[in-house]
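Trainee: Listed below are the residues making up each chain.
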Amino acid sequence: MFYGVELRSRLLLGTARYPSPAILERAIKASGAEVVTVSLRREGGSGRTGQSFWSFIQSLGLRVLPNTAGCHSVKEAVTTAHMARELFDTKWIKLEVIGDADTLQPDVFGLVEAARILSEDGFEVFPYTTEDLVVAEHLVEAGCRVLMPWGAPIGSARGLNNVYGLRTLRAHFPDIPLVVDAGLGVPSHAAAAMELGYDAVLLNTAVAEAGDPVEMARAFALAVEAGRAAHLAQPMEPRDMAVPSTPVIGKAVLGG
Amino acid sequence: MRIFLNDDAHDVEPGTLAAALETLGFGGRKIATAVNGRFVAATARPKTALADGDRVEVVAPMQGG
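These protein sequence lines map, in sequence, to chains A and B.
Residues 62 to 317 in our numbering are what the first sequence lists, from first letter to last.
Residues 344 to 408 in our numbering are what the second sequence lists, from first letter to last.
These are computed hints drawn from the structure, not numbers from a lab.
Note that the Cβ used here is the ideal one computed from N, Cα and C, for glycine as well.
One should not assume that every hint holds.
[Stated by the list, open to error] Derived Cβ-Cβ restraints for the label pairs, each shown as a range:
#1 K390(B) - A232(A): 50 to 58 angstroms
#2 A392(B) - D163(A): 27 to 35 angstroms
#3 Y64(A) - D351(B): 37 to 45 angstroms
#4 F234(A) - G358(B): 45 to 53 angstroms
#5 N379(B) - G160(A): 22 to 30 angstroms
#6 E356(B) - F234(A): 53 to 61 angstroms
[As the list claims (entries may be wrong)] Here are the computed lysine-lysine pairs in the DSSO-like style, where the Cα-Cα straight-line distance is at most 27 angstroms:
#7 K373(B) - K312(A)
#8 K390(B) - K152(A)
#9 K152(A) - K136(A)
#10 K390(B) - K90(A)
#11 K136(A) - K373(B)
#12 K390(B) - K373(B)
#13 K373(B) - K152(A)
#14 K152(A) - K90(A)
[Said to hold, decoys possible] Far from chain A, some chain B residues (derived; all Cβ distances over 12 angstroms):
#15 A361
#16 T386
#17 D397
Model the full structure from these sequences, guided by the hints.
Mentor: Put into structure tokens, the structure is as follows:
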């Protein structure tokens, strides 16, 4: 599904903001995710946080998708991607080039430039982008074979802000894996993305900050499965007028 | 000479990035490095000489979304 890697689960899960490592581990298991996102941050000579997190991730035996979260320039994102490739031993990179501090929306110009540089350097880029069709075309032209448009701003729980735009993107790129990344709040948002024909969803905060992250992870997994099944079952088109579901032929004539 | 590691000033003997990392407690750790904003691969650390005022970034795995 992603750069030649076939996965059973269509849910990618972030590893940040959980109440504890134990809850994170149980949430990952409940979600059925086979890919978890990770990041990298400064560590001091005496700190061991990064080392213990690395041991934890290795113990899961899952595929990791490192991100360039927090990068605001092409140079920063490219250098971070190189550090992530060495640290996590993977060509995969979730490329984020943030353009606005309030909405965390991508700087799509920097994103395309960084995607081109990294693709040419052998990375397999998962760009965090908007639903803009022309930006998506540039990303594909730059070498991206996965696109990850936002549903809504990161951590906002607003769901799919532009269903029309997401549907257009799906129609325009029938053969490129599309992942709704960011902004999902509840399982129905994930189901809606899957019903649109998206290949997967990536979420973090909606699970991590739920009252019961483990149960919410399970709920999202069910929603993703339901949405995918619904898409494959070809939903009927909405229409303006009512159509009786119960046949009227043979109805008793009772006067009145 | 003085280098800046994750913005903190450290006085180290002139030498390589690998030597400085060893001195500052990073030996054998799961880390990635950059010097003055440029990525330095683990294999290149023993060959990368540091200069006075160099800015070294040391990062490790952490949780992410």
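Trainee: Output the numbers, in ascending order, of every earlier hint that fails for this structure.
Mentor: 2, 7, 10, 16
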